[in-house]
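Residue numbers (the numbering used here), protein chains in the order written: chain P, 1 to 441; chain Y, 1 to 275.
Since the hints were made in silico from the structure, they are not lab data.
Be a bit skeptical, because a hint or two may be false.
Claimed, not checked - Quick list of in silico lysine-lysine cross-link-like pairs, DSS-like style, CA-CA up to 30 Å: (1) Y:Lys73 to P:Lys14; (2) P:Lys338 to P:Lys383; (3) P:Lys2 to Y:Lys15; (4) P:Lys383 to Y:Lys169; (5) P:Lys410 to Y:Lys169; (6) P:Lys419 to Y:Lys15; (7) Y:Lys73 to Y:Lys11; (8) P:Lys14 to P:Lys338; (9) P:Lys383 to Y:Lys15; (10) P:Lys5 to P:Lys195; (11) P:Lys195 to Y:Lys15; (12) Y:Lys73 to P:Lys419; (13) Y:Lys11 to P:Lys14; (14) Y:Lys73 to P:Lys195; (15) P:Lys5 to Y:Lys170; (16) P:Lys2 to P:Lys383; (17) P:Lys338 to Y:Lys169; (18) P:Lys212 to P:Lys5; (19) P:Lys308 to Y:Lys15; (20) Y:Lys11 to P:Lys338; (21) Y:Lys169 to P:Lys308; (22) P:Lys2 to Y:Lys169; (23) P:Lys383 to Y:Lys11; (24) P:Lys2 to Y:Lys170; (25) Y:Lys15 to P:Lys421; (26) Y:Lys11 to P:Lys207; (27) Y:Lys11 to P:Lys419; (28) P:Lys308 to P:Lys338; (29) Y:Lys73 to P:Lys5; (30) P:Lys14 to Y:Lys170; (31) Y:Lys11 to P:Lys5; (32) P:Lys195 to P:Lys207.
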Amino acid sequence: MKPLKRGVVLPDFKYRSLSSTKIHSVQTPRLVSISLHQHVGAPILPCVSEGDTVLVGSKIAEGEDWTSVPIHSSASGRVLRADQNVILIESDESGRMDPAVQPRANIPNDPDQLVEIIRGAGIVDLGGNALPVHHRLMMARERGVETLVLNGCESEPFLTADHVLMLEHPVEILKGAELLRLASGAKKVLIAVEKNKLEAVELLNSKNYYLKFSAIETLTLPARYPQGSERALARTVLSRRLGSRETPISAGVLVEHVATAFAVYEAVYLRKPLYERAVTVSGPCVIEPKNLWAPIGIGALDLFRACKGLMREPEQIVFGGPMTGEAVSSLNEPVTKKVQGVLALPQGFAPSGAEEPCIRCGLCVDVCPEILVPETLVRAVRKENQALAREYEIDSCTECGACSYICPSKIPIVFVIRKGKGVSLEPSVKPEPAYASAPQG
Amino acid sequence: MPPLLKDKTEKLFPKISSPHLFAAHSSSQIVWGFFAALIPIWIAGVVAYGFAAVWVFVLAVGFSCGAQYVFGKRTWIQLGGAAFMGGLLTLLLPAQIPWQGVALGSLISSLMGQVAFGGLGQNIFHPALVGYAALFLLAPDWFSNRASESLGTTSIFAVVFSSLFLLFKKWIAWRTPFFYLLALGVFSSFFGRSFISELFNGSIFLAAFFFMTDPVTAPVTSRGRAGFAIATAFLTAMLRFWAEPLPAALCSVFFLNGFVPLLDRWTQPKLKMAS
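Produce the complete structure using the sequences and hints provided.
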């Protein structure tokens, strides 16, 4: 075991959303808008049409390709619109469940059957990258992975959804972990948790004492960002660095999220598809930050309402954690399967004022978990020197944001590197370039 | 509905690239912090040489800021680079130097050392060393007099105190001075000199903690910094056969500054693993 040495220690801002260690339920809003782009893989199409009546948990979109992941309704009501991008459902607020959602009598332990159930329940990686879990499980089985790491690190500030999920549903997570282990063919499971969640570790250990899953162990790691990233965990478990073109799975480690294990438990034991997930609603603007069972497709505004609203004018709405999360342009933006948190950040979180010149302090080099030289990459991209950028392995950057965080000159390193990779942000809502639209002054 | 949520549904928020969280420090804070770290060393100089030392300091800082104000950008002065460089140059000059010397040194530091390269962060060679080297070549008489020691080297305790401050604030990497002093001790012993007298004087410590650790002109990788420190130590030990400690140390730093881009490239940390 080699815990992350590089990276940064972040202020964690977690205490406010932990004032209640419960995941609260939200009233389903009148309108849910469910995006059909919620997974990485082949596209899917709606299997309902306008005017159809759907129930909670009914399948509303699916694809023919095996890598695609179906989507289920999070509300009962009438379909208002169904096209290739989005399905709008008007809720009748009755919350009637699809009759297919009921406990399973015989729990299968055949890997192929489990993978098929996981795919049918629409489960993607709930840790933020939306990769289809069934596809990863198959890849892991083909590769013959040794270890399944269950990621409960949650090293991003503000987010506490996994923490609270582990406190509320330790047995379900352990059962889900065992199912994931069977489906992936791994020999052992390590539940990785950072040291700021020791009570969750204790709870998991004591529950496992009675469940007697001998393959499952917990692993406590120091709280350090980005310990909870897939590559950092794989490195920790393997005690060696991964090569640039090596993925954790090809190195023999499958990393899945604790929330994914919980979703797998629900899919297998309860036949419940993934139509809601635990989301942390937090940020300095929110009056009462807490964790909510957010139906997929609920707007950010409805989540803030469930937290008693906003007390300050937000300057930015972020889906995900503050380090890797995506800034969204509107309060009506619907939650998707990969959203772990919804944050309302006030003015002053983004750097105000102009970028200062690089003083080559080397902090970005010291913190980069992928041992890159961000300073040189920024120079290469800004001088449009592609050969230099490639020589310094610009594509190995995982965009964790540690360099941008630590940079004293407030150079938007991740933004520049992203531009250098050829992936630029969607056009900014303002006429200025995306970064220049940071609040000034 | 809470009042602030009203009318907000139409508001459009900027889609800024992640991350959305930033450390609280800034570059100007660090550079001005370096400037503040020089204070104990100046005080030691003033105690030793009196009012002349104050005059050198005022002139050096004034002329470097003035030169950058006129020929460069005003933001560079706000960042503190010009003031810090003037302050460092003061430490290298003897108290008895005529005011024309101070002015010339500061102007050369500012203009040739920084403005010509494109301002703070762009220069290859340490600007204060550029000014020092120029004065050393143009008017060696000012430095040859043993009685007129440089202001910064009067007290090793002041230098150590300032260095500890920088280390405590983590503004300088400990590796550079550590490897430099270690390697210098080893090389000096190897060349048959007492490493205690070689190491423990203000000149060597000044070079190790203030000139080698200048972020702009040192390598960014930790292995590069170690290599930079060891190479500088070797050169210093060699030059000590002919030169006083201060010129020997500064000349080696100046020389190795030129190799920094190369060192950075050689010590690129990413391992090239196939497959």
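Checked hints:
no., hint, in the structure
1, Y:Lys73 to P:Lys14, "42 Å, violated"
2, P:Lys338 to P:Lys383, "35 Å, violated"
3, P:Lys2 to Y:Lys15, "36 Å, violated"
4, P:Lys383 to Y:Lys169, "33 Å, violated"
5, P:Lys410 to Y:Lys169, "19 Å, holds"
6, P:Lys419 to Y:Lys15, "15 Å, holds"
7, Y:Lys73 to Y:Lys11, "38 Å, violated"
8, P:Lys14 to P:Lys338, "20 Å, holds"
9, P:Lys383 to Y:Lys15, "25 Å, holds"
10, P:Lys5 to P:Lys195, "15 Å, holds"
11, P:Lys195 to Y:Lys15, "33 Å, violated"
12, Y:Lys73 to P:Lys419, "28 Å, holds"
13, Y:Lys11 to P:Lys14, "27 Å, holds"
14, Y:Lys73 to P:Lys195, "48 Å, violated"
15, P:Lys5 to Y:Lys170, "17 Å, holds"
16, P:Lys2 to P:Lys383, "37 Å, violated"
17, P:Lys338 to Y:Lys169, "39 Å, violated"
18, P:Lys212 to P:Lys5, "33 Å, violated"
19, P:Lys308 to Y:Lys15, "25 Å, holds"
20, Y:Lys11 to P:Lys338, "24 Å, holds"
21, Y:Lys169 to P:Lys308, "41 Å, violated"
22, P:Lys2 to Y:Lys169, "27 Å, holds"
23, P:Lys383 to Y:Lys11, "36 Å, violated"
24, P:Lys2 to Y:Lys170, "25 Å, holds"
25, Y:Lys15 to P:Lys421, "19 Å, holds"
26, Y:Lys11 to P:Lys207, "47 Å, violated"
27, Y:Lys11 to P:Lys419, "27 Å, holds"
28, P:Lys308 to P:Lys338, "24 Å, holds"
29, Y:Lys73 to P:Lys5, "39 Å, violated"
30, P:Lys14 to Y:Lys170, "27 Å, holds"
31, Y:Lys11 to P:Lys5, "42 Å, violated"
32, P:Lys195 to P:Lys207, "19 Å, holds"
When the structure is compared with the earlier hints, violations turn up for hints 1, 2, 3, 4, 7, 11, 14, 16, 17, 18, 21, 23, 26, 29, 31 and for no others.
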